[in-house]
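Enquirer: Each chain, written out:
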Amino acid sequence: MKDLKRQLEQLSTVIPPPDSERVDFLRERLISRIRFEKFNQKPQNIYILTFREFVGILLHPWQIVQSIGAVTVSLILIMVLGLGGVVVQASGPGDLLYPLKISVETMPLVLPASIMSKEAKAIKVVQIAQNRQKEIVTIIHSQDNDQAKAKKIQQVAIELSKNIESAQKRVREISLESENKVVVEVASSVKDSVSEIKKSLDEVARQVVRDELDSNTSEELKKVSQQVSQAELSTLGVLIAVVKPDSNSPGTSLKETPQDSLIIPEDEDLPLAIQDKPVNQVAEKSTSEKMVARSQEEVGAALIIDGSPAGGTGEAGILDLTNQPVAGVEEVLVKEQIVEGLKSLIREIEISLSSDEGPTVTPTGEEIISTNRGDGEKIIEQPAGELDQVEQRAADSFEEGGKALNAKEEKVSGEVVLNVEELIEQEVKQRQSAERQARLRDLIEAAKEALAEGNYTEALTNIQAARVLIDQ
Amino acid sequence: MPRRLKIISSVQEKVLVTQIRAGSEKAYVKVYNQYFEPIYQFIYFKVSSREVAEDLSAEVFFKIWRYLNQGKRVRNLRALLYTTARNIVTDYYRKKKEVSLDLAWQEQFVASQQEVAEQVNVLGDIERVKRGLGQMKEEYQELLILRYDQGLSHKEIGEIIGKKTGAVRVLMHRALKELKQRVST
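Line by line, the protein sequences give chains W and Y.
Numbering-wise, the first sequence is residues 1 to 472 according to the working numbering.
Numbering-wise, the second sequence is residues 473 to 657 according to the working numbering.
It is worth saying that the hints were derived from the structure and are not from the lab.
Beta carbons are placed, not taken as given, at the ideal position from N, Cα and C, and that holds for glycine.
Certain hints may be false.
[What the hints assert, rightly or not] To give an idea of the chain W side of the interface with chain Y (calculated C-beta under 8 Å), a few residues: (1) Ser12; (2) Leu26; (3) Ile31; (4) Gly92.
Take the sequences, apply the hints, and build the full model.
Expert: Below, the structure is given as structure tokens:
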């Protein structure tokens, strides 16, 4: 039986195979007949499709284009995409389409460099960051409940943080690879945008505190704000590194950190940073100056760009900044920008310092008395002749404040409980706070001096150190 | 065929059918290339003429295309092809009218044997099998050819000839038994 079956299986081997040419001819004839048949068929109502036909069209979409015309299909596609685009753009944090909106916004960043340059991408990233900042502002002013606001702000803050980090990274890359003029352009643009974002974020942070939103939200905003500050300083550092210093202004000596491979370039020799230049000794001075020096070393990495000796090969990744310097007029403009930026940063730190200290009355000993209010506003008082009156008023206000505080405590509980540990802790905090404020004041002064001398790098380093102290 | 391959093949077939329904010529050409020769072989056994088998095979594919484009349901494309081939051969002989189908089939089969024997080196055993097959009734011949020569399953054969799978198995057994008797004598 098996043999029989095997023989049956071999039956086809003994029949003549079809003629291959004829098979091809028959195939072509079949296709012609099919096309003729299609031509003669009544047009199908494309609006009424069975499920199978629908699936067939999906698998072979060209058929629908042929049926209803390429132009019609294109118009439909454009409308659908346009409407879809509008819907996506209108979505906000917490919406279902929000992640899609983010993806669509960041799509240009994946384009090749030939289509969108690195510089354009860096600016685009900052624009995206500005969009996130605007979203945060919108959320704060929205009618949502606190919980919803907090959640949305946190979501956007995370995105903003990523954008800022990306912007920083891109500016750094551009500073290493591009010409100085391009670097200046990009860094200036980024710095301005980032400064705006910082101001807006600070305002939002204050609002969040006032509205007593979730503490996580405040933390998240604070983190992003710090990152934005860092980005601002970083871009300012890039600008400083690119611009040639004023030859008349005395430069500070090199400060080399033997442990770090990164070197703070000497202003006079910018853009060179030579490893074998003599290290200037940092004089043994007061604690605050030691702190300044240490802070400068610590924060150097955030600001510094490697340089290579003129004509030297340099190490891998070391920037050769001995390319064309920024032209005269542009250099002046950039310097102005740098000075403005540094002054603005110093002002911010001063405001922050004064808000820590609370309302103060500072008899300066000069003709005019100024009072710093908690929000940074200065009140110019009467001339020194009325100093006694001012002091008396200050003493009265403190007394009243103290009475109010006591009254409050009395309202809360009828007893005054002495907690020694708490008192010690408070005392330590106060001392630390006082020390911190003293250091901050020193740093501010050092920054102002450096700025006056034209030593931008040192000024920036001091500002960075002050920022670090404030953020602690 | 292993089960996994059967499933894959089945899915591929369904995709092709869907594409053909949507009017895809490319998909249909794939079907044509894949099945032309088996259909041709099947028809050749019935008509014993290469040219007629080729023409009728092409006609099968045209009819299948029409059938699919009318939106009719297809469970098994392969079975549908063979069913259509059977019907087309029946129509072919009906047009001749003067000769009964069975007789025509037998005469053709005998004639084909002679033709083949002249053209191709044939083992003696196979020739005997073919002769024995030619003396059997058409239903048995079809069963044996579809099963052993074309490699269709009992289920597919059942769809083609319009019988249940169990009945096909019984008929197959009878057909083999009869062929064995004819071959041994």
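Enquirer: None of the hints should be skipped; say for each whether it holds.
Expert: Evaluation of the provided hints:
Because the closest C-beta pair between Ser12(W) and chain Y is about 5 Å apart, less than 8 Å, the hint holds. Taking 8 Å as the C-beta cut-off, the interface hint given for Leu26(W) holds, the closest approach to chain Y being about 4 Å. Evaluation of the Ile31(W) hint against chain Y yields a held restraint, the C-beta minimum of about 6 Å falling below 8 Å. Because the closest C-beta pair between Gly92(W) and chain Y is about 41 Å apart, greater than 8 Å, the hint is violated.
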